[in-house]
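Let's have the full structure, built from the sequences with the hints guiding it.
Protein chains: 2
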Amino acid sequence: MIEDKNPKRTPLSELGEFKLIEHLTEHFKIEQKSTIKGIGDDAAVLSYGKKQIVVTTDLLVEGVHFDLSYVPLKHLGYKAVMVNLSDVYAMNAKATQITVSIAVSNRFPLEALEELYAGISTAAKLYNVDVVGGDTTSSTSGLIISITAIGEVEKGNEVLRSGAKPNDLLVVTGDIGGAYMGLQVLEREKEVFKVNPNSQPDLSMYTYIVERQLKPEARKDIVELLKQLDVKPTSMIDISDGLSSEVIHLCKQSKVGVDVYENKIPLDPQVISTCEEFNIDSTTVALNGGEDYELLMTISQEDFPKIKGNPNLTVIGYMTEEERGMHLVTRAEEKIPIIAKGWNALND
Amino acid sequence: MIEDKNPKRTPLSELGEFKLIEHLTEHFKIEQKSTIKGIGDDAAVLSYGKKQIVVTTDLLVEGVHFDLSYVPLKHLGYKAVMVNLSDVYAMNAKATQITVSIAVSNRFPLEALEELYAGISTAAKLYNVDVVGGDTTSSTSGLIISITAIGEVEKGNEVLRSGAKPNDLLVVTGDIGGAYMGLQVLEREKEVFKVNPNSQPDLSMYTYIVERQLKPEARKDIVELLKQLDVKPTSMIDISDGLSSEVIHLCKQSKVGVDVYENKIPLDPQVISTCEEFNIDSTTVALNGGEDYELLMTISQEDFPKIKGNPNLTVIGYMTEEERGMHLVTRAEEKIPIIAKGWNALND
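Chains F and P are the protein sequences, given in the same order.
Sequential numbering of the first sequence, starting at 1, is according to full-length UniProt numbering.
Sequential numbering of the second sequence, starting at 1, is according to full-length UniProt numbering.
Hints listed in this document are in silico derivations from the structure and should not be mistaken for laboratory results.
Keep in mind that the hints are not guaranteed to be accurate.
Copies of the same chain are indistinguishable here, so a pair counts whether it falls within one copy or spans any two.
As a list, the in silico DMTMM-like pairs of lysine to aspartate or glutamate whose alpha-carbon atoms are at most 20 Å apart [what the hints assert, rightly or not]:
# : residue 1 : residue 2
1 : K215      : D202
2 : K51       : E154
3 : K306      : D230
4 : K50       : E154
5 : K190      : E277
Structure below.
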């Protein structure tokens, strides 16, 4: 057999995370009648009888997604569940079950895993989901957590990324940028600790943003709120990679443009003050920060009276015709194109 | 805050894989009406309307579950799917969807991932399952694959591990021990290659067992066969860890004993000859080898005429009252207790 001495080797960093997934999955075809929506949304939608179920999965890798030098294992377990539930809620579904798989090296004692599972258990209890399966195995290095979440949604109530229409309002829940600034504070304390291991970090000024990073909450309440308000968003996504990245997903999949108003983006005062302290532009943080696990949705203009004045929901812009493009309208009323930055895990 | 200077640190190896999972998951309670069966079987069973769905997940770690020095990536992708589908079939369910998550270090070029996905895609097509989601991320070292499989089964047709009754027949599909002996051959060739990198391995004498190791097939056909034969097993499990380990699972969860007849265990001639060559006892291989992905089930005696003479199904023993214990009846008609050995990933 003649071997190819120079096989083609394309570095993964050439593609980036989103393109890589797209490239690897482009040949997968949907054959099952029960598959309503496959790859390409926050979760898959499957139909079984009257009910539809949604399924989503995430893999968290030590050294890539978390740093155990400042993330307590209990928080890590909690957050790993939130990351997945957030995808279920982004489909307008109710989360019902999760499976949890972990790979762990022998450097972890049992007590460390107990901590991790205590966090998972707390999250499952609080969000009322059953842990129905999983796998525990060893790894050659580091901790890996893989969680799959399952949820249910009445037929027709699921909200995809692809339903936004021109003139729809762009709405974000809560406030954003906090998780990223919390990470900045923790990274700084880690550096201080390296120099002086006896230092006791005073994080009292940063409690909100540090909690946003270490113990985010998925917006189960928003799915319930939308039902109460009788609002079905036309599209929805959760904010895991940063506002700009998620806005682009909605626009591309819905084939619309967008104008996002800088002065409407909801920021917590602690985010603003910490941005000033770190000399970072708060809008940049809001657009590219990620890990807030808030929901970003579009709603029809006629639903505006129903959400008006609700402290959980902030209108930050509106959708336009696709050819108008995707723009941030700055405080100085300049229009700047929104660029895909996202969280490019494979460029690290 | 007074810190505990000597926190308790229990090495994971003290517990072993099965006990570890049991220990970590014992506090999880089932709260959802839709959860029929949670942790503790091949897959979870969830009820949505008339249909029930089953969910199972597995995590495969480089250096623990596979060795890329002799496992082609395409085969690895294929096998990773089989491992999960096998769990779905072990519930007597039809596999319908999978999600695929991978973590990969930058040492892998895109072409390597394409190979991996080609194997996943081939398996999905051949077994008629849709790939409906996943996650691709980077790892600090090595390749990690996490697959979740979903299947469906009519209400009441699911087969758990816990339904075996005394006097039921113990039935195994296909033949066993091949995957383990294939691994022995591949490990030997790897050692030869280390000494002489120009050696070309001649595996032609071992094609069946090497294929059993590298490209196992999940027994989708058995679920269909059982339906045709109108046989609903009283309990079922897939053979991933070795016959003895799976027999023990069925007995413990069904609260029964078992007599397994050594001379009934189906072995391929290539397994027998390779065992002779390696000077290993073939019964030991069959009992503890693992990775065959055959199905082990119990059926009621009255169903025996329906399966009699079927080349896919071999009766290897029968279930007894629990207090009779679990035994292997040897060719010399001695009774030897069956001991849990299994594949103890965390002792590596």
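Evaluation of the provided hints:
In the homo-oligomer, the alpha carbons of K215 and D202 lie at most 20 Å apart inside one protomer (18 Å), although the nearest pairing across protomers, at 56 Å, exceeds that limit. When the C-alpha separation of K51 and E154 is checked against a cutoff of 20 Å, the pair qualifies both within a copy, at 5 Å, and between copies, at 15 Å. Proximity of K306 and D230 under a CA criterion of 20 Å is satisfied intra-copy only: 8 Å inside one chain copy versus 56 Å between copies. For the homomeric pair K50 and E154, the shortest alpha-carbon distances inside one copy (7 Å) and between copies (15 Å) are both at most 20 Å.
Proximity of K190 to E277 under the C-alpha cut-off of 20 Å is restricted to the intra-copy arrangement: shortest distance 17 Å within a copy versus 57 Å between copies.
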